[in-house]
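So the protein sequences, as listed, match chains A and B. The first sequence begins at 1 in this note's numbering and counts up one residue at a time. The second sequence begins at 1001 in this note's numbering and counts up one residue at a time.
If you are wondering where the hints come from, they were derived from the structure by calculation, not from laboratory data. Just so you know, not all the hints are guaranteed correct.
Only some residues are given here: those of chain B computed to face chain A with a beta carbon under 8 angstroms [claimed, not checked]:
hint: 1; residue: 1112
hint: 2; residue: 1116
hint: 3; residue: 1134
hint: 4; residue: 1142
Dumping the calculated EDC-like pairs for lysine to aspartate or glutamate here, alpha-carbon to alpha-carbon at most 20 angstroms [stated by the list, open to error]:
hint: 5; chain 1: B; residue 1: 1128; chain 2: A; residue 2: 86
hint: 6; chain 1: B; residue 1: 1130; chain 2: A; residue 2: 86
hint: 7; chain 1: B; residue 1: 1128; chain 2: A; residue 2: 168
hint: 8; chain 1: B; residue 1: 1376; chain 2: B; residue 2: 1366
hint: 9; chain 1: B; residue 1: 1130; chain 2: A; residue 2: 57
hint: 10; chain 1: B; residue 1: 1266; chain 2: B; residue 2: 1184
hint: 11; chain 1: B; residue 1: 1130; chain 2: A; residue 2: 81
hint: 12; chain 1: B; residue 1: 1130; chain 2: A; residue 2: 89
hint: 13; chain 1: A; residue 1: 126; chain 2: A; residue 2: 38
hint: 14; chain 1: B; residue 1: 1128; chain 2: A; residue 2: 81
hint: 15; chain 1: A; residue 1: 126; chain 2: A; residue 2: 168
Note that this is a predicted model, so its numbers are computed, not measured. Glycine included, each C-beta is placed from N, C-alpha and C at the ideal position.
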Amino acid sequence: MTNSMLKIVFLVVILALILAWYLSFSATRLDRLHHRVETSWEHLDALLQRRAAIAIEIAHQPDLDPATYVLLASAAFQAREASIVERSEAESSLSQSLSLIQSEADDLGDAITPSLLSELTTISAKIKVAVNIHLEAVNAVKHLRSKLVFRIFRLAGHAPLPLRYSFEDDIA
Amino acid sequence: MNKKLKIGMVCPYGWDTPGGVQIHIKELAEYFINQGHDVSVFAPVTDDSNIQESWLVSAGRPVAIPFNGAVARISFGPLASSRVRQWIANGDFDLLHLHEPAIPSLSLLACWASEGPMVATFHAASPKQKAIYAIGPILEPVLEKLTARIAVSEMARQTLKDHFETEAVVIPNGINSTKLHEAEPNPIWQSGRTIGFIGRFTEPRKGLSVLLEAMPIVAKAFPDVQLLIAGPGDSDEVKKVFPPSIAERTKFLGRLSEEEKASFFKSVEIYIAPNTGGESFGIILAEAMAAGTPIVASDIPAFSDLLVSGEYGALFDSENSKDLAKILIELLRDQNRRQELSARALEYSEKFDWQTVAEQIMSVYELALVGNDGVKLGSENRMWNRRRLQ
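Kindly produce the complete structure, drawing on both the sequences and the hints.
Next up, the structure:
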């Protein structure tokens, strides 16, 4: 073997090592982001469940009129029971029903315990933050996965592409 | 009954937005007023300057809110609640007629607030909602107060039965047969063999896409076939998906007035209703029948009920455009069958004329009035609240 051939082999090995390192680095990066999407969704999901529970509690206020009761209770119930496909629409409906309650808090003041209303305000603010954090992670994953290297080497494996729901855009 | 009644009717949806329930209430109120009864209709109103009816009392502006998957314009909350009570207190009604009291709006509030003879009409038909487990226990005690229940169709009756396990008398929606029957055809809608469609064509459940797939086959058999589409919606948007051979055979007429609609029915050769679902009654078919227009409709339960399994109009296998094309071609070929369908349907449609329908409703009123002396505000709303807390 000549000296120059050795040089070439050496170079190829180096390049292969660099590529391997880069791929593993990228895969870890993506994996970390996937993980963040999952945890931020879990957090958001928990908050949304909490919101639905508060909505039902508000609906059960003894002095509330039955029409408001029916509207709130069915929106909250649908949000809690919704399948993945219906979830976004159900959460949207609940958001709208609740923001109506908040905007009419002056009229409803007598019927709803103030502590419940302030709890609602707090949870709505938390949800807004959680949605933004979640969407950021979703966007980062989507951006990364659209890159050529990630597509060629299938670095995402079998992980499903995270979704952006329209109810999140309404809140964020 | 000779006694003149004081009737309070409640509409749950915004009065100045178009809808079947609003039209039903308007025509029923007008009929009873012509009979000499005193009617007051209570409804949410977006813009008071839209209101011409002297008998309408506004409940204030409705809010648009999603409920059960569709946006509804309804009124609720403490303000609406107190307006309902005020209207009832001032009205001194013999009887209340509440429309759609299971919708979270004025009818439900009225039912909650009053005591005495109350009749309710249920219009909607839907598959059983899961949310009913959450709201059923609240609605049931309120709806229990209704003296009598009416459903506008077999489907609506079934919906009521599934949700609240209560029975209802079926009395159909009403139409003005005479007006429809006496309308004159409009020659500009009569060039070639015309097929008419009315409805919000952008909504998928109205089934325009099924018809579009069938049209090229029909056009092959009858080169002079024309498609007339009436109803609100963006026609440019829809036209994009038209096969070119059909686009040139199609006219969009926009929204028709009641008079134009009557003349439309008189002009077209066949009226087509390709709806894929979501109908409770199908008033448009009753109107086409009264005008004597031969009908082709999908065999969804509401239409199959209304047309008595094809007795009064040809049915095709819903969402099957090949079957639709076949039925259309057969009917366009066979003038005798068209005349026969038209004559039979015309006679049958008497059943839906206000003359018949309103009298049926009046007999339900009479039943509800037995042993009752007028509508009062309930005194035990508090008790209802306590029951809810248990």
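Hint check:
Annotation: residue 1112 of chain B was flagged as interfacial toward chain A, and the flag holds, the nearest CB pair being 5 angstroms apart, inside 8 angstroms. Annotation: interface hint on residue 1116 of chain B violated; nearest CB of chain A at approximately 18 angstroms, more than 8 angstroms. Contact between residue 1134 of chain B and chain A, as hinted, is supported at the beta carbon level, the nearest pair being about 4 angstroms apart and thus within 8 angstroms. At about 6 angstroms, the closest approach between the beta carbon of residue 1142 of chain B and any beta carbon in chain A falls short of 8 angstroms, and the interface hint on this residue holds.
In summary, the hint linking residue 1128 of chain B to residue 86 of chain A is supported, as the alpha carbons are separated by about 16 angstroms, within the 20 angstroms threshold. The suggested pairing of residue 1130 of chain B with residue 86 of chain A holds, with an alpha-carbon distance near 13 angstroms, which does not exceed 20 angstroms. Proximity of residue 1128 of chain B to residue 168 of chain A is assessed by CA-CA distance (about 28 angstroms); at most 20 angstroms being required, the pair is judged violated. Annotation: proposed proximity of residue 1376 of chain B to residue 1366 of chain B holds, straight-line Cα distance about 18 angstroms (limit 20 angstroms).
For the hint pairing residue 1130 of chain B with residue 57 of chain A, the CA-to-CA distance comes to about 19 angstroms; that is within 20 angstroms, so the pair holds. At roughly 7 angstroms between alpha-carbon atoms, residue 1266 of chain B and residue 1184 of chain B fall within 20 angstroms of each other, so this suggested pair holds. This hinted pair checks out: residue 1130 of chain B and residue 81 of chain A have alpha carbons roughly 8 angstroms apart, not beyond 20 angstroms. With a CA separation close to 15 angstroms, the supplied pair residue 1130 of chain B and residue 89 of chain A stays within the 20 angstroms bound.
For the given pair, residue 126 of chain A sits about 18 angstroms from residue 38 of chain A by alpha-carbon distance, which is consistent with the 20 angstroms threshold. A threshold of 20 angstroms between alpha carbons decides the hint, and for residue 1128 of chain B with residue 81 of chain A the separation of about 14 angstroms falls inside it, so the pair holds. Of the supplied pair hints, the one linking residue 126 of chain A and residue 168 of chain A holds, its CA atoms being roughly 13 angstroms apart against a limit of 20 angstroms.
Hint compliance for this structure: hints 2 and 7 are broken, all remaining hints hold.
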